[in-house]
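Colleague: With chain A held as given, fit chain B onto it using these hints.
Letter by letter, the chains look like this.
There are 2 protein chains.
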Amino acid sequence: MHDELKPIAGGGLLDRRLFLKKGLTFSSIAWLAPSVMAEEVRSDAMTRPGRALSNYGKPSNYENKVIRWTMGNAAAPGNGVSWTPLHALEGMITPNGLHFERHHNGVPDIDPQYHHLLIHGLVNRALVFRIEDLLRYPMTSRYCFIECGGNSNAGWHSEPMQTEAGYFHGMASCSEWTGIPVKMLFNEAGIKGRAKWVIAEGADASMMNISLPLEKVLDDCLLAFYQNGERIRPENGYPVRLLVPGWEGVLNVKWLRRLRLTNRPVMARNETAKYTELLPNGMAEQFSFVMGVKSLITRPSYGQQLDNPGLYQITGLAWSGHGKIVKVEVSADGGKSWADAQLQEPVLSKCFTRFRIPWQWDGKKAVLKSRAIDDRGNQQPERYELIQAKGQQGYFHYNAIVSWAIADDGSVSHVYA
Amino acid sequence: MHDELKPIAGGGLLDRRLFLKKGLTFSSIAWLAPSVMAEEVRSDAMTRPGRALSNYGKPSNYENKVIRWTMGNAAAPGNGVSWTPLHALEGMITPNGLHFERHHNGVPDIDPQYHHLLIHGLVNRALVFRIEDLLRYPMTSRYCFIECGGNSNAGWHSEPMQTEAGYFHGMASCSEWTGIPVKMLFNEAGIKGRAKWVIAEGADASMMNISLPLEKVLDDCLLAFYQNGERIRPENGYPVRLLVPGWEGVLNVKWLRRLRLTNRPVMARNETAKYTELLPNGMAEQFSFVMGVKSLITRPSYGQQLDNPGLYQITGLAWSGHGKIVKVEVSADGGKSWADAQLQEPVLSKCFTRFRIPWQWDGKKAVLKSRAIDDRGNQQPERYELIQAKGQQGYFHYNAIVSWAIADDGSVSHVYA
Chain A
165 MHDELKPIAG GGLLDRRLFL KKGLTFSSIA WLAPSVMAEE VRSDAMTRPG
215 RALSNYGKPS NYENKVIRWT MGNAAAPGNG VSWTPLHALE GMITPNGLHF
265 ERHHNGVPDI DPQYHHLLIH GLVNRALVFR IEDLLRYPMT SRYCFIECGG
315 NSNAGWHSEP MQTEAGYFHG MASCSEWTGI PVKMLFNEAG IKGRAKWVIA
365 EGADASMMNI SLPLEKVLDD CLLAFYQNGE RIRPENGYPV RLLVPGWEGV
415 LNVKWLRRLR LTNRPVMARN ETAKYTELLP NGMAEQFSFV MGVKSLITRP
465 SYGQQLDNPG LYQITGLAWS GHGKIVKVEV SADGGKSWAD AQLQEPVLSK
515 CFTRFRIPWQ WDGKKAVLKS RAIDDRGNQQ PERYELIQAK GQQGYFHYNA
565 IVSWAIADDG SVSHVYA
Chain B
165 MHDELKPIAG GGLLDRRLFL KKGLTFSSIA WLAPSVMAEE VRSDAMTRPG
215 RALSNYGKPS NYENKVIRWT MGNAAAPGNG VSWTPLHALE GMITPNGLHF
265 ERHHNGVPDI DPQYHHLLIH GLVNRALVFR IEDLLRYPMT SRYCFIECGG
315 NSNAGWHSEP MQTEAGYFHG MASCSEWTGI PVKMLFNEAG IKGRAKWVIA
365 EGADASMMNI SLPLEKVLDD CLLAFYQNGE RIRPENGYPV RLLVPGWEGV
415 LNVKWLRRLR LTNRPVMARN ETAKYTELLP NGMAEQFSFV MGVKSLITRP
465 SYGQQLDNPG LYQITGLAWS GHGKIVKVEV SADGGKSWAD AQLQEPVLSK
515 CFTRFRIPWQ WDGKKAVLKS RAIDDRGNQQ PERYELIQAK GQQGYFHYNA
565 IVSWAIADDG SVSHVYA
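Chains as they are written, first to last, in the numbering used here: chain A, 165 to 581; chain B, 165 to 581.
No lab work stands behind these hints: they were computed from the structure.
There's no promise every hint is true.
Chain copies aren't distinguished; within one or between two, either way the pair holds.
Taking lysine to any residue pairs in the SDA-like style, the calculated list, with each CA pair at most 20 Å apart, reads [unchecked claim]:
| hint | residue 1 | residue 2 |
| --- | --- | --- |
| 1 | Lys438 | Asn317 |
| 2 | Lys222 | Pro241 |
| 3 | Lys528 | Leu169 |
| 4 | Lys229 | Pro276 |
| 5 | Lys529 | Ala173 |
| 6 | Lys488 | Glu509 |
| 7 | Lys356 | Pro429 |
| 8 | Lys528 | Ala173 |
The shape of chain A in the complex, shown without the other chains:
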């Protein structure tokens, strides 16, 4: 055995720097015999001109299964959720067409000419802005995930749900957002001393509203106009949404029409009937804003297939609403031993971080896990630890370690382990 192929943890995990080393070959994958080469590399595409240039591109038809999985309410199709297919994606960015959705009463079609943003309540002078005026304000960009507070909620089920990784944990997506620091507009309005909360409200047909602490809004919230370079799409809040880095998705109000400064929360549906949870001790937890540290192996994951024993790269995503990911550990023996994965640069705060580690699969049963740690010292819990702390009746903020079982035929299933 090659020296570099010496495992550094159980189940065949190898040093994360392995693939950077000179001279290593990765020959576990079958390659075609050189004799058939000349024929094999010919392509029909070479025999006829291709299609013309286009004003706006779209994915290949051969990728038409890489879609958001949508689940709408039959009686009100604009009420529901769609999931990002994280299991089919790579890197850190979620393309705009695949960012997850959560709508309460459909996606409004808003003409920006007739949309206004109101800043009022406990301010010295209320302000109303037209979108075209706001677009001339100074902007800043940041990479940031948005995750629904209810993401991964099937993890609370008593049996492990067998679903693709993205259609389980993909109410989380990551983009480069560009917009105006809300602080700048609040300063222009003049904040009154008694103001402690901000009520954000959208211009959709549900008039979705929610309360945020003023301190957070002043810290790092943006009025976001651009996502991955272009203007935000309708399902992500066109023409303007609130960006609340690292906090529950529901706070990132889309189609934003007003921000009202108050001295107390508004007690809206989405902070009382929802997003409030009964704890084992009988107390209710409310305003649990920050999305916890979390990670997920996307390859291999449920529905994928390992063909042969040999070298593989395990990869996935980690993120934390508290700050930066500093470490992701991977286990190939169900948590008995762990090895550090490589973190893809740049590693950014409140942003997806791609991790990778080489793995020599011996063709036997294995259980893969990943565990993320952030720069505030938070560590992703095992499922039993989360349940000990929060009880069995949870719905929101499920961030436990995800376990994938590899069978000896190379198939992958979801297990509680």
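Modeller: Using the frame of chain A, we list chain B on its own:
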């Protein structure tokens, strides 16, 4: 005048940290009277349910002018170029639908099941890979611009062309690319000692081919499969393209079907008839691979309009094929004085870097310029300096400073200044 509004360079340029300071307001933009507020913020969208969830999103219909500007050959519509609308975008990422195109014989429609990649020539064993096998190889991600060697070539014209910034300089785009280091596959094939060049060839109907130094390929080239998270789109090389960070776009061969290792370049059309330039001294410059240090103000730029004197944010993009941008200087007095712009983090090597600087426009004529400097000490030249070095007959590698003239009515035009 507010202390912070004291200019740090001619023409009203202000300290780049200005907008981060507490207490500053940005009141130059007209805001509506509070009395009309309640009516103004109502929206038709609130009165009816919006549309349902979707499997794959697209931009708002109100943004239908934010498109690639295409210029195809009338006789062969698949031969031509399209430009990224940089003047309408923000941040660092170019969304996949707007990445610039350069096709020689159209966009092939390739079924990945029948596409193969051949590695042959001066290797110990030639290899043929199926796409599905390659997708299991270890991957890495990087943010990287691709710029056509012919980008901005209208800059060589004797009169300044009046065109939107993106439709002049937008044969440059920036994405997060994910793929396999080519070095890994070459090591698996075994490189023979005499190999010095790599001939890359595409599977399109032009069978576009070109030569690259082996050293560069081993250094940082990727076989790229994913762009901004999803699989590369047809017009960007689906199912696989070569990524050659920082070098001429033409080298980033799309629909890649083979890499042949040789001891000399192949002298293809695109390194002889094109991409070779006659210098003033009568010598021809060939294999000028690296894209030089460059920058461009995108707002304000040609076709945009300043409405009122007051505070503005000047913003644009800088990049260098040599490495990282370390500084962008902006002038508002036609180059007499310069001030440092703020660079948007993260600043990455061979990647777009967004810069921003506040500017107090006094309502008079002004000429705006930006000048980028990279970590190898390269500085973007003035136009006359570029022409002194390269002559009047250039076509490729135009990277001179771009000048926008602001008229006293707030309109913006392109000038040589």
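Colleague: Determine which of the earlier numbered hints do not hold for this structure and return their numbers in increasing order.
Modeller: Result: no hint breaks.
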